[in-house]
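Undergrad: Now for the letters of each chain:
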Amino acid sequence: MAVHLPVARARTAGTERVGRRRLVRQRTVAGWLCLAPFLVVNLLVIVGPSVATVYYSFTDWTGVGGAAFVGLENFRQLAGDGNFHNALAHVAQWTAFFLTVPIAMALLGSYLLSQVKRFQILFRLIYFVPYTIASVVTASVWENIYDGNRGLVPLLADAGVSPLEGVALLGNKQTALPAVAWVDTWHWWGFLVIVFLAAMQSVDAELYDAVRIDGGGRWREFRDVTIPAIRPTLVFVVLITVIGSLLAFDYIYIMTQGGPAGATDVVGTLLYERAFRLFEAGYAAAMGLSMTLLSAVLMVVYLQLRRRGWEV
Amino acid sequence: MCDERCPNGRISRRRLVGTSGKGLAGLSLAGGLLVPTRAAAGARRQDAPVEVTWWAPEDDMEYRQEVVDLFQAENPGIRIVLEPLPGGEADQVVATALQAGAGPDIVPSGGPAHAANLAQAGLLLELDQYAERFDWQNRLLPWALATGMFEGKLYQIPHEFECTIAYYGQKQFDENGWTPPTNRQEFEALAEDAMGKGIIPLAAGVGDCGLCTNWFVTIFFNNYAGPDALYQALTGEIQFSDPAFVEAIELLNTYMQAGWIGGSVEQYFSTSFDAMHAQIADGQAAMSWSGTWFMGDLDQFFGEEAGNDNAWGWAQPPSFRDDVPYPLFPIGIGSTLSVASATEHPDQTLQFLDWYYSDPTRVARRIAEGGTRFTLPVPYQASDFPDTLDPRVAEVLTTLSEATSTGNFGYTAWTFWPPKTHVYLHEEIQKVFTNELTPADYCAGMAELFTQELAEGLVPTAIPRDVA
Numbered sequence: 087m088a089v090h091l092p093v094a095r096a097r098t099a100g101t102e103r104v105g106r107r108r109l110v111r112q113r114t115v116a117g118w119l120c121l122a123p124f125l126v127v128n129l130l131v132i133v134g135p136s137v138a139t140v141y142y143s144f145t146d147w148t149g150v151g152g153a154a155f156v157g158l159e160n161f162r163q164l165a166g167d168g169n170f171h172n173a174l175a176h177v178a179q180w181t182a183f184f185l186t187v188p189i190a191m192a193l194l195g196s197y198l199l200s201q202v203k204r205f206q207i208l209f210r211l212i213y214f215v216p217y218t219i220a221s222v223v224t225a226s227v228w229e230n231i232y233d234g235n236r237g238l239v240p241l242l243a244d245a246g247v248s249p250l251e252g253v254a255l256l257g258n259k260q261t262a263l264p265a266v267a268w269v270d271t272w273h274w275w276g277f278l279v280i281v282f283l284a285a286m287q288s289v290d291a292e293l294y295d296a297v298r299i300d301g302g303g304r305w306r307e308f309r310d311v312t313i314p315a316i317r318p319t320l321v322f323v324v325l326i327t328v329i330g331s332l333l334a335f336d337y338i339y340i341m342t343q344g345g346p347a348g349a350t351d352v353v354g355t356l357l358y359e360r361a362f363r364l365f366e367a368g369y370a371a372a373m374g375l376s377m378t379l380l381s382a383v384l385m386v387v388y389l390q391l392r393r394r395g396w397e398v
Numbered sequence: 099m100c101d102e103r104c105p106n107g108r109i110s111r112r113r114l115v116g117t118s119g120k121g122l123a124g125l126s127l128a129g130g131l132l133v134p135t136r137a138a139a140g141a142r143r144q145d146a147p148v149e150v151t152w153w154a155p156e157d158d159m160e161y162r163q164e165v166v167d168l169f170q171a172e173n174p175g176i177r178i179v180l181e182p183l184p185g186g187e188a189d190q191v192v193a194t195a196l197q198a199g200a201g202p203d204i205v206p207s208g209g210p211a212h213a214a215n216l217a218q219a220g221l222l223l224e225l226d227q228y229a230e231r232f233d234w235q236n237r238l239l240p241w242a243l244a245t246g247m248f249e250g251k252l253y254q255i256p257h258e259f260e261c262t263i264a265y266y267g268q269k270q271f272d273e274n275g276w277t278p279p280t281n282r283q284e285f286e287a288l289a290e291d292a293m294g295k296g297i298i299p300l301a302a303g304v305g306d307c308g309l310c311t312n313w314f315v316t317i318f319f320n321n322y323a324g325p326d327a328l329y330q331a332l333t334g335e336i337q338f339s340d341p342a343f344v345e346a347i348e349l350l351n352t353y354m355q356a357g358w359i360g361g362s363v364e365q366y367f368s369t370s371f372d373a374m375h376a377q378i379a380d381g382q383a384a385m386s387w388s389g390t391w392f393m394g395d396l397d398q399f400f401g402e403e404a405g406n407d408n409a410w411g412w413a414q415p416p417s418f419r420d421d422v423p424y425p426l427f428p429i430g431i432g433s434t435l436s437v438a439s440a441t442e443h444p445d446q447t448l449q450f451l452d453w454y455y456s457d458p459t460r461v462a463r464r465i466a467e468g469g470t471r472f473t474l475p476v477p478y479q480a481s482d483f484p485d486t487l488d489p490r491v492a493e494v495l496t497t498l499s500e501a502t503s504t505g506n507f508g509y510t511a512w513t514f515w516p517p518k519t520h521v522y523l524h525e526e527i528q529k530v531f532t533n534e535l536t537p538a539d540y541c542a543g544m545a546e547l548f549t550q551e552l553a554e555g556l557v558p559t560a561i562p563r564d565v566a
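Read top to bottom, the protein sequences are chains A and B. Here the first sequence is numbered in our numbering, starting from 87 and rising by one per residue. Here the second sequence is numbered in our numbering, starting from 99 and rising by one per residue.
Hints are not guaranteed to be accurate.
Unchecked claim - Below 20 Å or equal to it, Euclidean Cα-Cα: the simulated DMTMM-like pairs (lysine to aspartate or glutamate) are:
#, chain 1, residue 1, chain 2, residue 2
1, B, K529, A, E359
2, B, K529, B, D306
3, B, K518, A, E159
4, B, K518, A, D167
5, B, K518, A, E359
6, B, K529, A, D167
7, B, K251, B, D452
The hints are simulated quantities; they were obtained by calculation from the structure and are not laboratory data. Since the structure is predicted, the reported quantities are computational estimates derived from the model, not experimental observations.
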């Protein structure tokens with residue numbers, strides 16, 4: 087028995103190893119089987135159209151019928167397209183706006199909310215509600231508020247407050263883009279408040295105590311504890327803000343359609359027009375691909391920062 | 099064809115069973131999965147009615163269904179399957195479906211440019227032989243078929259026939275002793291008088307629709323340069339850089355900068371259509387220049403129910419030069435009907451379309467019930483319209499029908515301009531209004547683009563001046 091025991095143990099261990107391997111294989115197969123439907127869907131609705139977009143960006147496709155290969159012609163044309171440059175400049179302005187105004191508002195809102203002990207759920211709900219409203223509805227409400235004849239400006243003017251009297255916010259080239267951006271901010275910032283609040287609630291309370299013992303006030307608490315502690319969340323928000331800004335379309339399309347005189351044109355509205363009004367789907371695909379490449383570059387920068395040890 | 103895949107994505111039990119059956123039949127064939135759908139459809143019982151699918155904008159479906167029911171009662175051998183299309187993106191949905199071989203038999207489009215794109219891709223059926231067989235040239239308004247031509251062949255029939263028009267507030271016109279202006283002098287006198295009284299001469303705004311700036315370019319090109327010059331430009335005989343067009347845009351911009359159109363450039367860019375109508379109804383503005391498509395909407399802004407005692411009247415925008423006729427009716431096509439080249443039932447489909455366009459009285463009744471989406475280009479007479487229809491609407495449509503059938507017509511930008519030039523027309527004019535582009539440069543740019551598109555064969559057929 088004593089002689090056979092190690093062999094038996096070895097056999098048992100070998101059987102266990104085989105069994106474990108089989109189990110692992112079975113689990114792997116089961117995992118892939120569970121994943122398969124989603125992979126197929128992904129292949130159909132993400133990879134397929136993506137590959138098609140890359141292909142069509144090198145063609146003169148009208149959106150209907152056949153397409154002839156034109157090489158890099160669409161990209162050459164894009165490089166010299168003044169409307170595209172104008173739209174890119176507006177995307178940059180839009181991005182700058184969204185990296186500052188809604189994030190600053192949300193940081194302030196979430197910090198203040200984190201200090202509230204009573205009715206916090208109610209306040210969270212109130213902040214979050216605009217995010218749940220469809221963009222068409224939000225845009226329509228704000229179009230009425232901005233209306234130069236029946237909106238807030240003439241109402242204030244009637245009450246004797248007239249800083250913007252006679253200005254049609256959506257009709258003025260200088261104010262149209264910020265006016266639309268503000269509407270999107272109204273819809274977006276409540277979501278950011280909730281995201282930041284969740285991050286702030288995981289900050290160690292002792293860090294705040296330490297600042298207070300040091301004689302620091304609220305501002306130092308916010309600057310030296312809150313911001314560093316929520317940095318990964320903040321960087322994530324910056325990333326989704328930048329990518330979201332590159333894709334800006336809905337509010338602009340609904341409220342100004344890129345006007346007046348191209349003052350609110352962004353790449354999304356220009357792309358839509360090229361594809362569906364001018365029947366230049368190949369050129370529009372090249373435009374879309376350029377924006378994808380821009381997003382990819384930003385993602386690579388983000389990943390590089392992470393790899394170099396940045397806590398982002 | 100819609101039995102297999104409907105645009106709204108809803109699949110009924112019957113359709114699901116049918117589709118599954120066809121799918122199973124397809125698996126038994128080596129040819130693939132798409133072929134059997136048609137094969138199975140072809141294998142219908144001999145005594146079953148032929149199914150013709152018609153995709154139509156989701157608005158007004160009940161009126162369309164009434165028409166279909168009426169047809170089916172008279173033609174039991176044909177079943178029209180009416181399927182709603184989502185608003186806004188209908189043209190894209192139809193184009194995608196047609197390319198996938200799953201489109202309808204009767205193909206709607208948002209206008210000649212869209213239909214021409216489909217025709218160019220070989221997705222539409224040539225209708226010339228049917229037009230001849232059914233004698234459409236003599237039964238529709240004489241210009242109607244000319245608007246449906248692409249590369250010399252007929253592919254589309256106008257469905258929504260429209261025209262630019264002036265609406266005015268009867269009350270303010272009566273109170274100020276104004277009459278609808280018929281020429282430039284009368285208009286400018288009225289505008290100055292109105293401005294002096296704090297009334298905007300023309301309510302206007304493109305807050306809801308930036309491309310609708312093309313209404314004003316259309317009106318000034320037609321009513322200043324004139325329809326003959328426009329026809330010459332649209333056929334390449336003269337250029338859009340011709341002084342007549344430059345002067346037309348200069349005049350438009352002069353009125354715009356003076357605040358006669360919309361109150362100010364900024365207000366013009368941001369005012370919505372509802373606000374525009376409301377301004378006339380409550381007396382803030384004297385009139386508006388828009389189109390017949392608004393006739394059905396005006397009642398909600400005027401009269402007791404809208405909270406005022408005003409009423410709307412109509413006229414044509416004035417002629418801005420002595421040699422341009424007044425009144426002038428620039429023709430527009432808001433939507434068209436075509437037939438898919440892949441249809442399995444061309445004869446039955448065309449039989450329905452012929453019936454659909456055949457009786458002006460029935461069409462007029464449809465307009466009374468369903469609105470101005472059903473203004474088919476047929477020769478209406480006042481007696482065709484039922485008493486239930488607003489007499490002003492009947493008058494507009496009768497006048498339009500009579501005037502255009504005798505050659506008194508012009509050309510709207512959204513119907514007769516090729517795609518790129520059309521987009522240029524309504525986008526770059528905004529830069530003229532914001533003083534970033536001169537009228538001369540605007541017209542020169544238009545001429546250059548138009549010449550390119552003319553050479554590429556993309557310019558829709560302009561109705562010849564002597565078509566009547």
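Undergrad: Which numbered conditions among the earlier hints are violated in the structure presented, ordered from lowest to highest?
TA: none
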